[in-house]
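Enquirer: Sequence:
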Amino acid sequence: MSKQPNQVQSSPLADLIFEAVARCANCRHDQLTKQSRLVEDLGVDSIDVLALTADLEEELHIQIDDQAFRHLQTIEDVIVSVSMTLETQHPHRE
17 MSKQPNQVQS SPLADLIFEA VARCANCRHD QLTKQSRLVE DLGVDSIDVL
67 ALTADLEEEL HIQIDDQAFR HLQTIEDVIV SVSMTLETQH PHRE
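According to my numbering, the residues represented by the sequence shown are 17 to 110, in order.
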């Protein structure tokens with residue numbers, strides 16, 4: 017069953033992504049919401065996106081499409097994208 021963006025629930029993966037985004041945006045985890053926009057709200061630039069991508073790849077042992085990742089707008093978009101990548105690259109992982 018595929019996940020739609022509005023169906024993303026809190027999970028260890030979401031928490032990990034919130035922490036990674038908080039480090040990248042130099043803010044506190046509790047200042048973020050799933051609707052927080054990476055560029056407009058958090059000031060994330062292309063270098064920050066590369067750092068976020070590398071952080072998530074290392075933490076989760078996945079390969080992220082850098083070009084596609086740059087087009088994600090919200091934290092929720094990141095959660096859905098990373099979740100789908102995990103399902104594709106590690107289908108039996110929980």
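Please note that the accuracy of each hint is not assured.
Here are the simulated SDA-like cross-link-like pairs (lysine to any residue), alpha carbons at most 25 Å apart as the crow flies [as the list claims (entries may be wrong)]: (1) 50 - 63; (2) 50 - 27; (3) 50 - 35; (4) 50 - 67; (5) 50 - 99; (6) 50 - 75; (7) 50 - 71.
Simulated restraints on C-beta separations [said to hold, decoys possible]: (8) 62 - 108: 30 to 36 Å; (9) 46 - 106: 27 to 33 Å; (10) 43 - 105: 24 to 30 Å; (11) 84 - 32: 27 to 33 Å; (12) 53 - 81: 17 to 23 Å; (13) 82 - 32: 15 to 21 Å.
Please keep in mind that the hints were generated in silico from the structure rather than gathered at the bench. All figures in this text were calculated on a predicted structure; none of them were measured in a lab. No residue lacks a Cβ here, since even glycine has one placed at the ideal position from N, Cα and C.
Enquirer: Starting from the range 27 to 33 Å, see whether the pair residue 46 and residue 106 falls in it by beta-carbon distance.
Expert: holds (29 Å)
Enquirer: Keeping to a limit of 25 Å between CA atoms, is the pair of residue 50 and residue 63 held or broken?
Expert: OK: residue 50 and residue 63 at ~21 Å, within 25 Å.
Enquirer: Holds or violated: residue 50 with residue 71, Cα cutoff 25 Å?
Expert: Holds - the C-alpha atoms of residue 71 and residue 50 are around 19 Å apart, at most 25 Å.
Enquirer: Given the hint of 24 to 30 Å, is the C-beta distance from residue 43 to residue 105 inside that range or not?
Expert: Because 29 Å falls inside the window, the suggested range holds.
Enquirer: Can the restraint linking residue 50 and residue 99 be considered satisfied, given a maximum Cα separation of 25 Å?
Expert: Distance ~14 Å between residue 50 and residue 99 Cα, so the pair holds.
Enquirer: Regarding residue 62 and residue 108, is the given constraint of 30 to 36 Å on their beta-carbon distance met?
Expert: holds (34 Å)
Enquirer: Would you say the C-beta atoms of residue 84 and residue 32 sit inside 27 to 33 Å of each other?
Expert: At roughly 19 Å between Cβ atoms, residue 32 and residue 84 fall outside 27 to 33 Å, so the hint is violated.
Enquirer: Can the restraint linking residue 50 and residue 27 be considered satisfied, given a maximum Cα separation of 25 Å?
Expert: At roughly 12 Å apart (the allowed maximum being 25 Å), residue 27 and residue 50 satisfy the hint.
Enquirer: Keeping to a limit of 25 Å between CA atoms, is the pair of residue 50 and residue 75 held or broken?
Expert: Distance of about 20 Å is within 25 Å: holds.
Enquirer: Does residue 35 sit within 25 Å of residue 50, going by the straight-line distance between their CA atoms?
Expert: It holds: about 12 Å lies between the C-alpha atoms, which stays within 25 Å.
Enquirer: Is 17 to 23 Å right for how far apart the beta carbons of residue 53 and residue 81 are?
Expert: With Cβ atoms ~20 Å apart, the hint holds.
Enquirer: Does 15 to 21 Å hold as the CB distance between residue 82 and residue 32, or does it fail?
Expert: holds (19 Å)
In the structure shown, a violation is registered for the earlier hint numbered 11 alone.
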